[in-house]
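K.L.:
Protein sequence lines correspond, in order, to chains A and B. Using our numbering, the first residue of the first sequence is number 123, and each one after it goes up by one. Using our numbering, the first residue of the second sequence is number 123, and each one after it goes up by one.
Warning: the hint list may mix true and false statements.
Identical copies carry no separate label here, and so any pair may be met within one copy or between two of them.
Calculated cross-link-like contacts (lysine to aspartate or glutamate; reagent style DMTMM-like; alpha-carbon spacing at most 20 Å) [to be verified]:
| no. | residue 1 | residue 2 |
| --- | --- | --- |
| 1 | 366 | 386 |
| 2 | 279 | 267 |
| 3 | 279 | 289 |
| 4 | 279 | 369 |
| 5 | 366 | 341 |
| 6 | 279 | 195 |
| 7 | 346 | 369 |
| 8 | 366 | 396 |
| 9 | 366 | 429 |
| 10 | 196 | 278 |
| 11 | 366 | 473 |
| 12 | 196 | 480 |
Read the hints as simulated data drawn from the structure, not as lab findings.
Protein chains: 2
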Amino acid sequence: MSWTLTADAIGDLARGAAVLGTGGGGDPYIGSLLARQALAQHGPVTVVGLDEVPDDALVLTVAMMGAPTVMVEKLPSLDEVVAPVHALATYLGRPVTHVACAEIGGVNSTIPVAAAAALGLPLLDADGMGRAFPELQMVLPTLYDVTASPLAFSDEKGNVGVLQTVDNHWTERIARVACVEMGCSVMISGFPMSGAVAREALVGGSLSHSLAIGSGIAEARLAKTDPVAATVARLGGREFFAGKVVDVERATTTGFARGRARIEAPAVESDAAEALELSFQNEHLVAQSGDVTYATTPDLIIVLDAESGEPITTEGLRYGQRVRVVAAPSDPRWHTAEALAMVGPGYFGYDLPSHRFDGTPERELVEAGA
Amino acid sequence: MSWTLTADAIGDLARGAAVLGTGGGGDPYIGSLLARQALAQHGPVTVVGLDEVPDDALVLTVAMMGAPTVMVEKLPSLDEVVAPVHALATYLGRPVTHVACAEIGGVNSTIPVAAAAALGLPLLDADGMGRAFPELQMVLPTLYDVTASPLAFSDEKGNVGVLQTVDNHWTERIARVACVEMGCSVMISGFPMSGAVAREALVGGSLSHSLAIGSGIAEARLAKTDPVAATVARLGGREFFAGKVVDVERATTTGFARGRARIEAPAVESDAAEALELSFQNEHLVAQSGDVTYATTPDLIIVLDAESGEPITTEGLRYGQRVRVVAAPSDPRWHTAEALAMVGPGYFGYDLPSHRFDGTPERELVEAGA
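Just chain A, same shape as in the assembly:
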C-alpha cells in the first residue's frame, strides 16, 4: 500500500521515530525542520510499502552519520543530503529508483523524507533496523549479505567521498574517521540493493508505525489520557522505571555521544529500585539497577517525558527531567546468535548477557553467538 506524506505529518512521524530511536537517531525537532523545508520546496513524498517495490528497483539508504550531540548544532542543507546519492549514482552508473531509511530515529527517519522529496523519488515504508544503532554496519541487511559499500558521504562544506570496502566493518571504520575529520556529522548513502532484497532484508512498515506512535502520543494528550501508556501499548512493551534524572555524564568521543544517565525514583512513587543507570553510545544500550538488568540492546530502551510522553534523546537528557523508562521488543531477527554478536551488549564492551525487554537473560543465544 502506498500513501502520501505531507508536511503536516512530519511532527508525528519525527516524534514516533524518536521513540523507536531508543535515545539515538537524532533529535526530532532538528529532523522535522529539514523534512518540512524539502516538502515545501518539492512537494509531498510517495511512501511505498515493501510489497509494492519492483524486484529490479535500485534502493539506497540515506542517513546522517555522527554524534547526535553535534547534529543539533550543525544542520545539513538539502544539497548535502542529496550529494551522496548523486555521487553513488555516478559511481554505480545507473539511476536510483527508491530511497529508504537506514534506521528509525528523529533525524534518520526524516532526512530520507527530505532526500526523497528533493530527488523526486519514492520512499520505502521500511528501514534497516526497526530502531537506531550507533554503527553503520548494524543493519539487518548486513545479515542478508548486503554490502554497505559502495557508500558515499558528504559534508556541509561540499566534500564528498565514495567507499568500496571489503566488508561492512571497514565501511564503518573508514567512514567514521572521515566523519570525525569532517566535523563529526556527515550525510551518507549506501547499502545499494534491489527491490527483491529490500523486501526480505528491511523492517517493513516502520514509517507507518512511527507515525502511529507519534500521533498516538498527541491524541492521548488531547484526550487527557496517559501518552506513555498509549506508547507502551503500541510497542507491546512495558514501563519499568519512573523518576528524576539526577546525573548525566556525556562525552563526544571517536564520533559518538557516549555516556551514562542516573535516574532516581522518589520512594513514594516507586516501590521498585531506587536508582536506574542507563548506559549509551548514541543509543541506550543497557538499563541496570544495582545487580538487576532490566533490558539491553538489541531490545529498545526508551526514555519518555513523564507528563507529555515526548521521547528524550540521549543528547537531550538533562538534570531534573521527570521521566518514565520503557522497554520494548526489537525486531525478532536481532535476537539470533549472529545478530547478537553484532549488536549485543558484548559487542559494546558490556560483560553481561543480552536481556529481553521483560528482563530475562538470553544466555544460550549469546554463548552461541560469541
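Got chain A; can you put chain B on it based on the hints?
P.N.:
Positioned in the frame of chain A, the structure of chain B alone reads:
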C-alpha cells in the same frame, strides 16, 4: 623525447630518486622490488617527455601515501597499486592515458613505474615537485589550480575510496585520516589533468635526472672517485656538513614519520660547527647548527653515506652512520611567496625564515607570503 625503461635501470632510478627525495619519498630498495616485479610481468615502460604529451591526454599521478616507517614493513601488491587508477577511471567515466609521479623519491618514483607497467600506459618523465614533500597538496599543480580530487586511495586489504573535495587541503585531511585508519600507508591516484596542463604544472625531466644521479653514484664508485662529489655537481648543490649520526628521535604520529637527527663532526674532519641537527616530517625540513641555519624546505637537504654516496632516508637513519650532508636548490617555483606559504618552514611550525641552499635567508619572500 621518449625512452624505454627496463628492469636493469630500476636500481639507478630508485637511488637517484631517493637522493632527490630529501630523506622522504620512501626507501629505494622497497621501491625497486615492486617496479622490477611489474616490469618482469608486464614488460618495459615507455617514458614520455612533457614536450610529447598530447594536449588532450588524461594524466593521473600515482603515489604511496603514509609514513615511510610503515612502508618498509607493509609492501603494496600490484593489485593495490592499480586499484585507485581503476576506481578513478570509473568515477571520471573516461580512460586514463598517462601516469605521472606526484613526487620524486625511492618509492614514489618507482611505484608509478609499476603502475604504468601493469596498466600498459606510458609514464611521464616528470613529477609534481622535483623532490618529495609530506602532504599531498604540496605539489606544483596546486599552484596552477589543479585539484587533487577526484582522488582515489586503496589498501592491501582491498578497500578503495574516491574523494571529491572543495580544495586540496581537504583532500589531504580526509585521505590522511583514512590512510591512518587503513594502516598508515595507502596507494593513491589523483590530480587528474590534461597533457597541456601537465606540461605547464609538472617538473619536467625528473626521471631522467634521477637516473643520471643514480648511475653517476654507481660510476663514481667504479671509478674510485668520490660519489658524493659527483652528486653535488649534478645537483648544483654544496656539501655543508660531515660527521657521525649520534642520535635519532623518531615517532610515527598522525600518519607521518616525524623526528630529529643529530650528527656530530669529529674535530679533525671539520672546522665548521661541531654538531648538526636535522628536523624532519617524512622529509628533512631544517638543517641547523646552534644559531646557524644551513638550509630549509623547500630546498633539498640530502643525507648521503660518507663512503658509498648512497642516499639515507629519514626512516633509515641509524646511530653510528658516517654521513655527509648536502643542500641543493629546489625548482625555483617553490620560492615564490605563494609556494613558501604552502611548503616553507613556517607551514611546518618553524619560526624562522626560509633559507636558500647556500644558507642565505629569503626574508622578503617569506614576509610577503605569510
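K.L.:
Measure nothing new, just compare the shortest in-copy and cross-copy C-alpha distances for residue 279 and residue 369 to 20 Å and report within, between, both or neither.
P.N.:
Intra 36 Å, inter 44 Å, cutoff 20 Å: neither.
K.L.:
Indicate which option fits the pair residue 366, residue 429 if close means a Cα-Cα distance not exceeding 20 Å: within, between, both or neither.
P.N.:
within (12 Å within a copy, 77 Å between copies)
K.L.:
Can you tell me if residue 279 and residue 289 fall within 20 Å by alpha carbon in one copy, between copies, both or neither?
P.N.:
between (28 Å within a copy, 10 Å between copies)
K.L.:
Tell me, please, which holds for residue 196 and residue 278 at an alpha-carbon limit of 20 Å: within, between, both or neither?
P.N.:
within (8 Å within a copy, 35 Å between copies)
K.L.:
Using 20 Å as the alpha-carbon threshold, which applies to residue 366 and residue 473: within, between, both, or neither?
P.N.:
Result: close neither inside a copy nor across copies, 27 Å intra and 55 Å inter.
K.L.:
Should residue 346 paired with residue 369 be assigned to within, between, both, or neither, using CA atoms and 20 Å as the limit?
P.N.:
Neither: 30 Å inside a copy, 78 Å across copies.
K.L.:
At most 20 Å between CA atoms: does that hold for residue 279 and residue 267 within a copy, between copies, both, or neither?
P.N.:
This pair counts as between: shortest inter-copy Cα distance 19 Å, intra-copy 33 Å.
K.L.:
Treating 20 Å as the Cα threshold, decide for residue 366 and residue 396: within, between, both or neither.
P.N.:
Within one copy only: 11 Å inside, 71 Å across.
K.L.:
If the cut is 20 Å between Cα atoms, do residue 279 and residue 195 qualify within a copy, between copies, both or neither?
P.N.:
Classified as within; 15 Å inside a copy, 36 Å across copies.
K.L.:
Cα distance capped at 20 Å. Does residue 366 pair with residue 386 within a copy, between copies, both, or neither?
P.N.:
within (5 Å within a copy, 68 Å between copies)
K.L.:
With 20 Å as the alpha-carbon cut-off, assign the pair residue 196 and residue 480 to within, between, both or neither.
P.N.:
neither (37 Å within a copy, 50 Å between copies)
K.L.:
My question is about residue 366 and residue 341: at a cut-off of 20 Å on alpha-carbon distance, are they close within one copy, between copies, both, or neither?
P.N.:
Neither, since 25 Å and 83 Å both go past 20 Å.
Violated hints, listed in ascending order, are 4, 5, 7, 11, 12; each of the other numbered hints is respected by the structure.
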